[in-house]
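Student: Residue-level listing of the chains:
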Amino acid sequence: MNDAASEPTASARSEPGEVGLVEPRDFVSPAPFTFDNGLSIPGFTLRYETYGRLNATGDNAVLVCHALSGDHHCAGIHSLTDKKPGWWNNLIGPGKAVDTNKFFVLCANVLGGCQGSTGPSSIDPRTGQAYGITFPAVTIRDMVRTQKRWLDSLGVRSLYGVIGGSMGGMQVLQWSLEYPAFVQRALAMATTAREGAQAIAFNEVGRQAILQDPEWNHGYYPKGGGPRVGLAIARMMAHITYLSDASMDRKFGRKAVAAHHKTAPGTLATGAASAPLGANEASSLSMEGVDPVAPAATFDVRFEVESYLRYQGQSFINRFDANSYLYITRALDQFDLAATHGSLEKAFAGVQAATLVVGFTSDWLFPPEQNRAIALALLRAGKRVSYAELATDLGHDSFLLESPQIYDLVRGFLN
Amino acid sequence: MSRQSHLKRTVDMQIIADWVEPGSRVLDLGCGRGVLLEYLVHSKQVHAVGVDLDFDKISACVRRGLTAYQGDMMALMRALPENHFDRVICSRTLEELPDPGAIIEQALRIGRTVTVGFVNHGYWKNRTAAFFSGRKPRNSVYTTAWYESRPSNPASIADFEDFCALRELRIARRAHLHGDWKTTCRFAPNLFAGYALYDLTR
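Those sequence lines, one after another, are chains L and B. The first sequence begins at 1 in the working numbering and counts up one residue at a time. The second sequence begins at 1 in the working numbering and counts up one residue at a time.
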């Protein structure tokens with residue numbers, strides 16, 4: 001029925017606060033873990049953070065699942081000099097949409113990752129060497145199963161909610177069908193139950209950039225070394241797929257870097273580009289030792305979008321491991337609930353959680369149709385599911401958007 | 001929303017709630033902010049699903065603890081199997097939709113019963129407004145001037161019953177209300193009823 005003009009939206013909320021200083025911790029599981037493919041490792045570590053407090057009944061936990069290049073640090077700061085808080089800080093905190101006054105919020109770096117959890121760059125205790133490509137192939141389900149072990153160790157009896165975007169959304173779906181009685185609410189954003197050919201194609205180009213870099217050396221490279229050129233290119237390309245035509249045009253347009261305004265063409269000093277968008281710390285945007293092309297002046301940075309992408313590539317190689325990138329993109333591509341279970345409806349047959357799926361109109365990596373398909377399959381399976389679709393032009397990364405509409409939706413779903 | 005139209009909303013909610021079987025599966029086409037569905041959940045413990053086009057309306061439904069789907073109602077219905085719902089409700093929505101016949105047909109495929117509620121365009125006040133002033137009717141139901149109105153395809157009770165006869169749809173129940181939307185209108189409803197509600201089955 002139509003009742004468009006009713007009720008004001010929630011008003012007079014107290015000013016939300018910040019999580020503040022946080023410290024990562026490690027969960028060490030000494031018991032062997034067997035991957036989906038049957039291979040096992042003698043034990044594993046998950047690095048994680050928590051905000052808020054677990055209640056006495058152990059049922060106020062909200063698990064946050066991160067995306068491909070994300071990590072466990074989703075809210076707060078590690079030191080007072082930190083320039084940036086955790087990646088979902090706008091959503092998580094006291095009085096925020098995911099309210100740490102009410103909920104015990106947790107996030108762990110995924111298995112196969114490189115931010116402190118066990119992955120290909122970790123040392124295999126059996127050999128004393130880094131696993132490298134001897135690390136078993138990781139799946140989304142493996143990520144979820146290791147996290148279950150971690151939650152059990154903390155005394156979490158059931159998940160009040162599990163939320164995540166992109167690959168985080170895949171984990172959310174996997175959680176609610178792997179542990180149906182454990183998950184009360186599942187919120188998946190900008191995600192898919194199976195990637196389309198285009199998303200697989202983009203991941204493959206990224207992997208090839210790494211694999212074809214001689215420094216990759218079949219996966220054996222020293223810590224801090226390795227295929228830095230390949231990984232940077234993979235990140236540059238992937239980053240484009242997280243944005244959109246419209247948002248890139250608005251941010252950068254055809255703006256030239258500052259050097260080109262001041263200097264005559266041909267006399268450009270390498271790396272004198274202006275740093276765009278939070279890239280101020282990068283006084284030099286040269287990709288020294290990374291630039292795949294000899295920086296002949298003609299092909300040096302001319303447009304701001306170029307220097308932005310180079311900065312993205314450069315900063316990524318300092319925090320991410322190339323083998324982890326290979327493993328996790330493979331996990332994304334392999335994820336296919338319909339194929340694994342016969343159909344999406346069969347996959348969801350046992351789901352008990354109330355589910356909310358959120359798509360974004362300009363997301364061309366995991367487009368709205370793929371998000372809608374999840375909601376429709378859950379509906380056909382007779383489950384409690386809502387689907388919302390936000391009109392934004394910010395592309396796949398819209399789920400990280402500072403949007404009061406998203407905050408209201410998430411808050412409403414959790415309360 | 002004016003007090004009068006609020007009253008009108010609650011009246012038609014009560015009739016629909018009377019018709020709904022307790023614990024049944026209900027889909028509301030054009031669910032808005034979920035006021036009707038929330039009422040049905042509380043009064044009849046229905047398993048409710050809403051569909052609407054607007055993000056903020058879906059968000060309001062979610063806040064009410066309802067499940068709602070943002071998107072095109074025809075696309076949603078086509079994606080669902082036969083008899084997925086016990087009842088599909090289309091209350092004061094149909095006149096704003098293109099091809100209402102196709103919508104009712106789909107609703108009768110996925111639902112055993114379809115409840116349709118609409119403002120009777122044949123109501124005498126609507127007729128005289130057009131006849132004497134020569135203008136689009138303006139009253140507590142048609143509140144806006146033409147230049148700020150959504151496209152509308154109003155129907156009269158006679159139009160609707162003709163349609164049901166033509167498509168051989170069984171009218172299981174009907175309620176015709178006077179212009180006050182409270183008291184039952186038995187005499188010449190196409191002229192004297194302001195609002196009409198129907199339960200259709202195949």
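Accuracy of the hints is not assured; some may be wrong.
Stated by the list, open to error - Chain L regions said to be covered by chain B (calculated; three or more residues, Cβ under 8 Å): (1) 217–223; (2) 319–331; (3) 387–397.
What the hints assert, rightly or not - Reference excerpt, derived from the structure (chain B facing chain L, CB under 7 Å, subset only): (4) Pro-22; (5) Tyr-69; (6) Phe-163.
Said to hold, decoys possible - Chain L side only, calculated, beta carbon under 8 Å to chain B, not exhaustive: (7) Arg-149; (8) Phe-316; (9) Leu-356; (10) Gly-412.
These aren't lab readings, by the way, just hints derived from the structure by calculation. All figures in this text were calculated on a predicted structure; none of them were measured in a lab. Just so it is clear, CB atoms sit at the ideal spot from N, CA and C, and this is done for glycine as well.
Student: For each hint, tell me whether it holds in the structure or not.
Tutor: Taking the hints in turn, this is what the structure says about them:
1. 217–223: It is violated: at least three residues are needed, and the segment 217–223 of chain L offers just 0 whose Cβ sits closer than 8 Å to chain B.
2. 319–331: As far as the segment 319–331 of chain L goes, the hint is violated, because 0 residues have Cβ atoms under 8 Å from chain B.
3. 387–397: holds (count 5)
4. Pro-22: Result: violated, 18 Å to nearest chain L Cβ.
5. Tyr-69: Constraint on Tyr-69 of chain B satisfied, holds at 5 Å.
6. Phe-163: Violated: closest Cβ of chain L sits about 21 Å from Phe-163 of chain B, beyond 7 Å.
7. Arg-149: Since the shortest Cβ distance to chain B is 32 Å, the answer is violated.
8. Phe-316: violated, 33 Å
9. Leu-356: holds, 6 Å
10. Gly-412: Since the shortest Cβ distance to chain B is 3 Å, the answer is holds.
Comparing the model with each earlier hint shows violations of hints 1, 2, 4, 6, 7 and 8; every other hint is respected.
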